[in-house]
Amino acid sequence: MPFACIFVPNFPVAAVSRAEPELRALALAIYEGKPPMEKVFAVSESATRLGITPGMTKAQAELCSELTLRPRSLRQESGAHAAMLDCAQSFSPCVEDAAVDTVILDLAGMDSLFGAQPEIARNLFRRAAELGLDVNVALASNPDAAVFAARGFSGVTVIPSGKESECLGSLPVKVLFAERMEGEKKEENREESARRLETLERWGVRDLRALAALPEVALSERLGQEGLRWQKLARGAASRTLVPVEAPTIFEEAVELESPIVLLEPLAFLLNRLLEQICARLASRALNTQELRLTLDLESFSSFNPQSKINNQQFSSPATIENQQSAICSTRPKQFHRTLCLPLPMLDPKLFLKLLQLDLNAYPPGAPILKIHLEARPARPRSAQGGLFLPPSPEPEKLELTLARIAGLVGESRVGALELLDTHRAEGFRMRRFGLGATQESAAKNNQPRQTSEPAEGKCAVAALRRFRPPLRVTVTMDNPELVRVVCPKKKEVQGSVLWKAGPWRNSGDWWEREAWARDEWDIALQNAEGIFLYRLVHDLLGGSWFVEGTYD
Amino acid sequence: MSSAVFSTSAAQGRPFVFETENGSEVCPEPFQEQLFTAPRPPQRAASAAFKDARLASVTPASRLAVRPAPEMVTSGIAEMDALTGGLPRGCLTEICGPASSGRSTLMLSALAAATQRGECCAVVDASDALDPQSVAAAGMELDRLLWVRCGENSVQAESRLEQLLRVTDLLLESGGFGLIALDLGDLSPQSARRIPLATWFRFRRAVEHTPTVLLAMERQSIAGSCSSLLIKLGSLKPSAPENQASPTPTHVQLLTQVEITAELVRSRMDRKPVRSEITFASKTAWAG
Chain A
1 MPFACIFVPN FPVAAVSRAE PELRALALAI YEGKPPMEKV FAVSESATRL GITPGMTKAQ
61 AELCSELTLR PRSLRQESGA HAAMLDCAQS FSPCVEDAAV DTVILDLAGM DSLFGAQPEI
121 ARNLFRRAAE LGLDVNVALA SNPDAAVFAA RGFSGVTVIP SGKESECLGS LPVKVLFAER
181 MEGEKKEENR EESARRLETL ERWGVRDLRA LAALPEVALS ERLGQEGLRW QKLARGAASR
241 TLVPVEAPTI FEEAVELESP IVLLEPLAFL LNRLLEQICA RLASRALNTQ ELRLTLDLES
301 FSSFNPQSKI NNQQFSSPAT IENQQSAICS TRPKQFHRTL CLPLPMLDPK LFLKLLQLDL
361 NAYPPGAPIL KIHLEARPAR PRSAQGGLFL PPSPEPEKLE LTLARIAGLV GESRVGALEL
421 LDTHRAEGFR MRRFGLGATQ ESAAKNNQPR QTSEPAEGKC AVAALRRFRP PLRVTVTMDN
481 PELVRVVCPK KKEVQGSVLW KAGPWRNSGD WWEREAWARD EWDIALQNAE GIFLYRLVHD
541 LLGGSWFVEG TYD
Chain B
554 MSSAVFSTSA AQGRPFVFET ENGSEVCPEP FQEQLFTAPR PPQRAASAAF KDARLASVTP
614 ASRLAVRPAP EMVTSGIAEM DALTGGLPRG CLTEICGPAS SGRSTLMLSA LAAATQRGEC
674 CAVVDASDAL DPQSVAAAGM ELDRLLWVRC GENSVQAESR LEQLLRVTDL LLESGGFGLI
734 ALDLGDLSPQ SARRIPLATW FRFRRAVEHT PTVLLAMERQ SIAGSCSSLL IKLGSLKPSA
794 PENQASPTPT HVQLLTQVEI TAELVRSRMD RKPVRSEITF ASKTAWAG
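Chains as they are written, first to last, in the numbering used here: chain A, 1 to 553; chain B, 554 to 841.
Take these hints with a grain of salt, some might be off.
Okay, the calculated beta carbon distance ranges per label pair [claimed, not checked]: (1) A/Gly-408 / B/Thr-752: 48 to 58 Å; (2) A/Arg-285 / B/Gln-743: 40 to 50 Å; (3) B/Pro-749 / A/Ser-78: 17 to 27 Å; (4) A/Leu-421 / B/Glu-812: 44 to 54 Å; (5) A/Gln-385 / B/Glu-812: 21 to 31 Å; (6) A/Gln-385 / B/Ala-635: 37 to 47 Å; (7) A/Gly-387 / B/Ala-622: 17 to 27 Å; (8) A/Cys-341 / B/Thr-752: 45 to 55 Å; (9) B/Ala-635 / A/Asn-507: 31 to 41 Å.
These are calculated hints, taken from the structure and not from any lab test.
For glycine and all other residues, C-beta sits at the position ideal for the given N, C-alpha and C.
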């Protein structure tokens with residue numbers, strides 16, 4: 001039963017390099033701690049050659065001009081670890097989360113899907129590289145041998161069954177005691193490991209071959225059962241079952257910035273990178289997304305641009321504002337949230353970037369940005385079967401982008417589909433999001449054939465009303481109780497003598513609410529020099545004013 | 554060679570070659586020395602034979618392959634379909650007329666028919682004049698209608714126009730709509746004529762070879778020859794509705810129907826209509 005191990009050497013440095021690929025070629029050092037006592041936590045190979053070592057203070061490291069320093073980011077490490085799990089899960093359903101830099105896969109039965117073991121190993125390596133990780137991959141017949149091989153040998157390693165002792169023999173014994181990088185007992189484990197290594201070194205045991213060659217009885221007398229276990233591991237003969245982990249369906253990426261960003265262009269560059277990583281992870285799990293949440297940590301709220309919409313929203317309404325597209329957290333005023341809701345599950349990083357750009361152009365953050373956090377809610381890909389006889393419809397991705405651009409031109413509330421409200425009030429409607437999802441599914445389900453040029457026999461057209469928004473205030477001359485003349489001071493076309501009238505019809509409602517309404521409606525024909533025109537005349541019974549609400553056209 | 558020589562030759566219809574018999578008029582030789590060692594090439598005379606040879610490779614327009622006729626779709630009104638044959642896909646159709654002539658009725662009827670066919674439609678409303686109740690009464694599938702409301706109330710007509718043009722460009726670029734209606738009904742002819750013809754030409758090219766019907770509704774025709782179909786609606790006739798006798802109290806009177814007169818002004822379709830003008834009635838939503 002083969003097992004594979006994916007190991008990321010120098011994980012903190014790899015996590016930062018994944019977020020900023022341009023740092024791979026540079027000498028990089030990661031520091032952590034509270035100022036002024038920050039200390040170097042991890043260094044790249046280039047930095048090691050410059051003489052930088054873990055434990056140095058940040059001030060000492062800064063003396064090296066060729067060194068690039070970055071703070072440790074737990075969010076980036078979490079993102080890198082999640083990417084490892086996604087990579088592993090795309091090859092096997094049984095994955096163990098052994099350490100933050102190590103995952104183990106059970107490849108039993110996977111050869112019929114992915115090919116021979118060497119092919120699987122190469123594909124694992126390639127997939128991890130697509131996700132921005134520089135990993136070691138090793139295959140062996142038991143999990144521990146795979147882990148040691150991945151930790152000891154760089155690149156791709158395949159250990160044939162029965163050759164574990166021979167292949168692992170050259171590895172140093174410290175590979176047995178690789179420290180766990182998380183957990184409460186981190187310090188205790190480190191000390192215990194150091195004592196064990198010291199013991200073996202005093203015995204002259206430097207590599208696993210030497211440890212495997214020790215007599216078992218003598219070893220158990222000195223080190224007990226623990227020593228026998230080490231020997232079994234060194235021989236590559238230990239076997240155990242994996243403790244599979246259910247990978248969380250959280251797809252999020254984050255980046256912390258050295259200096260705050262003020263312009264939207266560099267923000268777009270970073271968003272593009274985060275979106276590509278998230279989409280690659282979703283693609284590896286055969287998932288799409290229907291919601292993107294962007295959270296920006298802002299530098300300071302003291303230097304606001306008073307023209308910014310986001311500022312106006314916060315000042316006008318201290319309570320939390322929620323709608324489909326934005327959520328502003330008032331309890332933590334240093335964060336800026338935007339939520340992008342998509343009508344259908346999609347997976348196009350370029351489209352997402354464009355939508356976020358249009359959204360941020362309409363609702364700018366209003367302050368310099370220190371940190372970017374992007375989260376995608378996973379969703380199953382849409383499965384709509386096309387047909388030859390379906391009516392034409394816009395592509396969902398193109399339509400979403402078009403609607404965002406139109407919203408930027410005319411305003412978000414002025415583009416969409418109509419929804420009539422259950423009321424007799426004039427203008428009893430609201431605008432809602434225009435989407436294709438429901439219409440496409442119903443059309444496909446009903447399999448409605450396209451109707452071409454079939455004349456509508458027996459159907460009579462319905463006279464339409466064209467509304468004036470807002471209604472035009474008019475002056476009505478009455479010859480009790482007849483309407484004689486209507487004059488609109490604002491629009492000279494709407495005036496003339498009343499040629500014909502029908503009404504009034506009383507319309508009222510919501511008398512139990514504050515916004516009660518009561519009106520008399522007339523349909524009138526006005527004649528003037530330009531001709532005869534039909535209007536709807538309204539007398540507001542509560543205010544006493546006369547309005548022309550629209551024209552029949 | 555001076556510019557005067559060229560202009561003279563062009564005005565007189567001569568080709569730009571030197572003719573030896575007229576060489577003294579065009580370019581007198583001030584020097585007697587021989588300028589060319591090799592014999593001069595023979596001059597080509599502009600003759601009918603030369604023209605025939607050059608034009609032989611050009612195919613006359615009458616022999617060009619016939620373009621396939623565009624697919625016609627119903628406008629939702631039988632009388633209009635009888636007049637025009639329907640609305641052509643991939644072409645620009647104009648509906649023009651004064652207020653209360655039935656333009657919006659015709660536009661909503663076409664939109665409703667398109668949505669009932671399962672197509673997505675869009676209406677770009679320059680004046681924000683669409684009435685939701687009228688839309689529903691016309692039989693529209695509201696899920697399939699995209700309504701774009703241009704401009705705020707205080708915005709000038711020019712900026713509404715600019716928004717309308719940019720939104721139309723975006724919708725045509727997106728593609729996939731069965732019918733896109735441009736509602737310019739409340740814009741004055743002077744404002745509407747500010748749209749350059751090149752814009753209409755661009756719109757027409759954008760919908761060409763697509764299944765989209767582009768419908769423009771305005772007071773006067775402004776697209777010129779870019780529209781394939783031009784329908785003109787007439788003003789209301791000065792007569793009271795039939796069932797409205799004067800002694801009857803006004804509160805029992807009802808506007809039940811509006812007569813619409815439509816004239817087919819121009820059609821580039823192959824199908825020739827039987828009549829070029831029709832009159833039909835549109836009923837109000839409460840008429841039953």
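Do the hints match the structure? See the list:
With their beta carbons about 21 Å apart, A/Gly-408 and B/Thr-752 fall outside the hinted range of 48 to 58 Å. Taken as a hint, the range 40 to 50 Å is violated for the pair A/Arg-285 and B/Gln-743, whose Cβ atoms sit roughly 60 Å apart. In this structure the supplied range 17 to 27 Å is violated for B/Pro-749 paired with A/Ser-78, their Cβ-Cβ distance being about 56 Å. Taken as a hint, the range 44 to 54 Å is violated for the pair A/Leu-421 and B/Glu-812, whose Cβ atoms sit roughly 33 Å apart.
Distance hint for A/Gln-385 and B/Glu-812: a CB-CB separation of about 47 Å, inconsistent with the stated range 21 to 31 Å. Checked against the given bound of 37 to 47 Å, the beta carbons of A/Gln-385 and B/Ala-635, roughly 38 Å apart, stay inside it. With their beta carbons about 26 Å apart, A/Gly-387 and B/Ala-622 fall inside the hinted range of 17 to 27 Å. Between A/Cys-341 and B/Thr-752 the CB atoms are about 34 Å apart, so this pair departs from the stated range of 45 to 55 Å.
In this structure the supplied range 31 to 41 Å holds for B/Ala-635 paired with A/Asn-507, their Cβ-Cβ distance being about 38 Å.
Consistency with the previously given hints fails for numbers 1, 2, 3, 4, 5 and 8, ordered from lowest to highest.
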